[in-house]
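With the hints as extra help, turn the sequences into a complete structure.
There are 2 protein chains.
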Amino acid sequence: MNFSEELTKRTGEVQEIIYRYLPEEKGYQKTLLSAMNYSMTAGGKRLRPLLMQETYRLFGGAGKTVEPFMAAIEMIHTHSLIHDDLPAMDNDEYRRGKKTTHVVYGEAMAILAGDGLLNFAYETACRAFLTEPGNPDVGRAMAVLAEKTGVGGMIGGQSVDVESVGQPLSPDKLDFIYRLKTSALIEASMMIGAVLAGAGEEKVKLMERVAQDVGLAFQIQDDILDVTGSCETLGKPGGSDERNHKTTYVTVKGLEKAQEEVKDISNRALETLGSLNEKNIFLEELIRALTTRES
Amino acid sequence: MNFSEELTKRTGEVQEIIYRYLPEEKGYQKTLLSAMNYSMTAGGKRLRPLLMQETYRLFGGAGKTVEPFMAAIEMIHTHSLIHDDLPAMDNDEYRRGKKTTHVVYGEAMAILAGDGLLNFAYETACRAFLTEPGNPDVGRAMAVLAEKTGVGGMIGGQSVDVESVGQPLSPDKLDFIYRLKTSALIEASMMIGAVLAGAGEEKVKLMERVAQDVGLAFQIQDDILDVTGSCETLGKPGGSDERNHKTTYVTVKGLEKAQEEVKDISNRALETLGSLNEKNIFLEELIRALTTRES
Numbered sequence: 018m019n020f021s022e023e024l025t026k027r028t029g030e031v032q033e034i035i036y037r038y039l040p041e042e043k044g045y046q047k048t049l050l051s052a053m054n055y056s057m058t059a060g061g062k063r064l065r066p067l068l069m070q071e072t073y074r075l076f077g078g079a080g081k082t083v084e085p086f087m088a089a090i091e092m093i094h095t096h097s098l099i100h101d102d103l104p105a106m107d108n109d110e111y112r113r114g115k116k117t118t119h120v121v122y123g124e125a126m127a128i129l130a131g132d133g134l135l136n137f138a139y140e141t142a143c144r145a146f147l148t149e150p151g152n153p154d155v156g157r158a159m160a161v162l163a164e165k166t167g168v169g170g171m172i173g174g175q176s177v178d179v180e181s182v183g184q185p186l187s188p189d190k191l192d193f194i195y196r197l198k199t200s201a202l203i204e205a206s207m208m209i210g211a212v213l214a215g216a217g218e219e220k221v222k223l224m225e226r227v228a229q230d231v232g233l234a235f236q237i238q239d240d241i242l243d244v245t246g247s248c249e250t251l252g253k254p255g256g257s258d259e260r261n262h263k264t265t266y267v268t269v270k271g272l273e274k275a276q277e278e279v280k281d282i283s284n285r286a287l288e289t290l291g292s293l294n295e296k297n298i299f300l301e302e303l304i305r306a307l308t309t310r311e312s
Numbered sequence: 018m019n020f021s022e023e024l025t026k027r028t029g030e031v032q033e034i035i036y037r038y039l040p041e042e043k044g045y046q047k048t049l050l051s052a053m054n055y056s057m058t059a060g061g062k063r064l065r066p067l068l069m070q071e072t073y074r075l076f077g078g079a080g081k082t083v084e085p086f087m088a089a090i091e092m093i094h095t096h097s098l099i100h101d102d103l104p105a106m107d108n109d110e111y112r113r114g115k116k117t118t119h120v121v122y123g124e125a126m127a128i129l130a131g132d133g134l135l136n137f138a139y140e141t142a143c144r145a146f147l148t149e150p151g152n153p154d155v156g157r158a159m160a161v162l163a164e165k166t167g168v169g170g171m172i173g174g175q176s177v178d179v180e181s182v183g184q185p186l187s188p189d190k191l192d193f194i195y196r197l198k199t200s201a202l203i204e205a206s207m208m209i210g211a212v213l214a215g216a217g218e219e220k221v222k223l224m225e226r227v228a229q230d231v232g233l234a235f236q237i238q239d240d241i242l243d244v245t246g247s248c249e250t251l252g253k254p255g256g257s258d259e260r261n262h263k264t265t266y267v268t269v270k271g272l273e274k275a276q277e278e279v280k281d282i283s284n285r286a287l288e289t290l291g292s293l294n295e296k297n298i299f300l301e302e303l304i305r306a307l308t309t310r311e312s
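Chains as they are written, first to last, in the numbering used here: chain A, 18 to 312; chain B, 18 to 312.
There's no promise every hint is true.
Identical copies carry no separate label here, and so any pair may be met within one copy or between two of them.
[Unchecked claim] Heads up, simulated PhoX-like pairs for lysine-lysine below, C-alpha to C-alpha not over 25 Å straight-line: (1) K62 / K26; (2) K280 / K222; (3) K190 / K115; (4) K190 / K43.
Rather than coming from a laboratory, the hints here were simulated on the basis of the structure.
Structural data, given as structure tokens:
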């Protein structure tokens with residue numbers, strides 16, 4: 018099997034795990050549950066749970082403790098997409114070729130579906146306490162998840178991004194936004210994979226650095242694709258950053274320099290990863306593939 | 018000291034604990050952090066953390082493990098107020114006599130401040146893992162918090178409430194909404210207090226029943242005050258339920274019957290509580306006071 022076939026296979030397996038943790042659509046709150054599942058089943062690369070699982074394997078993890086956390090990280094990511102798309106935020110009507118949640122379910126229900134998914138992520142991760150009561154690694158993983166999602170992570174980054182629309186950005190502030198808005202959840206993914214496999218503090222820190230670079234490279238590649246990609250490959254109209262007067266790596270440094278940086282940063286991630294005794298060839302190929310992707 | 022003085026004193030102590038867990042307003046995400054603190058410091062009865070602490074004491078809890086959870090439950094409650102007030106939801110401009118978060122900070126920042134507080138609640142509760150790694154009660158408490166906040170609790174109740182605006186409600190559905198939207202967080206408060214004090218499963222279940230009644234009586238009293246109270250005592254204009262064509266206990270059963278039910282339900286709560294060997298006189302008085310309050 019070549020890498021691309023292997024990726025399809027493993028992404029399918031990851032998706033199957035996520036689907037097992039989705040709520041049943043029943044009871045008076047059925048509309049809410051449908052709205053949550055609508056966005057959870059709208060496709061996507063499942064990159065964060067995939068990175069979590071592969072990092073778990075890298076450090077010899079073989080059990081199922083990681084599975085609720087894989088679902089949880091995807092729920093948090095999806096929560097952020099639903100709220101980012103709202104009229105008061107980016108006001109996007111399409112994502113991944115499908116209508117966004119507030120277009121289908123209305124704005125109030127979309128706000129609640131986002132809230133519901135953020136909270137359901139913790140509800141889902143808490144299942145690991147039932148299977149492993151008293152395992153301190155579960156508590157550590159939960160703390161990483163909350164920290165990287167919150168004001169010092171994804172939500173904090175989004176708030177700075179929202180405030181900065183239409184304003185010139187210093188390189189320092191742009192880096193800050195990318196690190197929080199995109200890298201933080203990828204850091205959570207790889208750190209939690211390491212923590213739950215029993216890796217020590219030093220190795221968890223090293224994975225945080227790897228993930229920060231992976232996230233940065235991923236986001237710059239996103240900026241590049243917004244300029245070079247088509248609606249067909251992206252599942253949404255390209256050129257949205259320019260229309261929204263968004264400052265990105267491409268507008269600040271130019272397309273060519275941005276493309277160079279993607280390569281440099283992902284090489285740095287691979288070097289850091291290579292300094293470990295543990296090896297996971299698929300994880301390395303995945304990181305390489307992320308920076309050459311076309312969608 | 019009479020009950021009213023004692024309540025003021027204990028509420029002050031609870032507020033001091035909550036304030037210790039609020040985020041520092043610094044860094045690029047300062048606006049977000051200010052918006053979160055703006056609503057957290059806007060007053061309020063601090064009822065949920067107060068009930069949590071008193072239940073903790075009821076079962077002999079004397080340590081500090083409960084404190085991050087006290088802050089967390091108030092953050093979740095405040096999250097729900099910020100999102101409920103949004104233009105897409107109740108569109109309220111005032112709460113507790115102060116402008117609501119989206120009026121002061123704009124809609125996008127208010128959505129993120131609500132998200133930020135919901136997540137910060139978990140981040141804060143996770144601190145208990147640091148002080149007590151491997152204590153399975155902390156994991157149990159976290160699971161209760163997530164379950165009662167989520168689709169089967171507060172957020173689920175809010176979604177049914179939103180869908181029901183302007184529609185006739187069956188008594189069953191009205192009960193469902195009250196139980197999820199209001200009782201669920203009060204159940205979480207009293208259950209977590211019991212769990213962290215080391216109470217067994219049976220006593221935790223009993224406290225869930227007590228709290229469900231307390232929440233129900235509290236919400237019906239809210240409906241009553243919306244009809245009988247003034248802007249001065251409520252901190253917001255009265256009669257909002259009528260203006261918003263909301264179905265409430267008062268519109269369904271009439272004012273007099275609603276007032277009777279508040280008494281019956283709170284008496285039932287006190288009876289259930291009285292069946293325990295453990296006693297907390299202040300907690301009993303607090304439950305009695307909630308149903309005779311005028312604001």
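Structure-based check of all given hints:
1. K62 / K26: within (12 Å within a copy, 54 Å between copies)
2. K280 / K222: Cα proximity of K280 and K222: one copy only (22 Å, versus 57 Å across).
3. K190 / K115: Neither: 32 Å inside a copy, 33 Å across copies.
4. K190 / K43: Answer is between; shortest inter-copy Cα gap is 14 Å, intra-copy 44 Å.
Violated hints amount to a single one, hint 3; each of the other numbered hints is respected by the structure.
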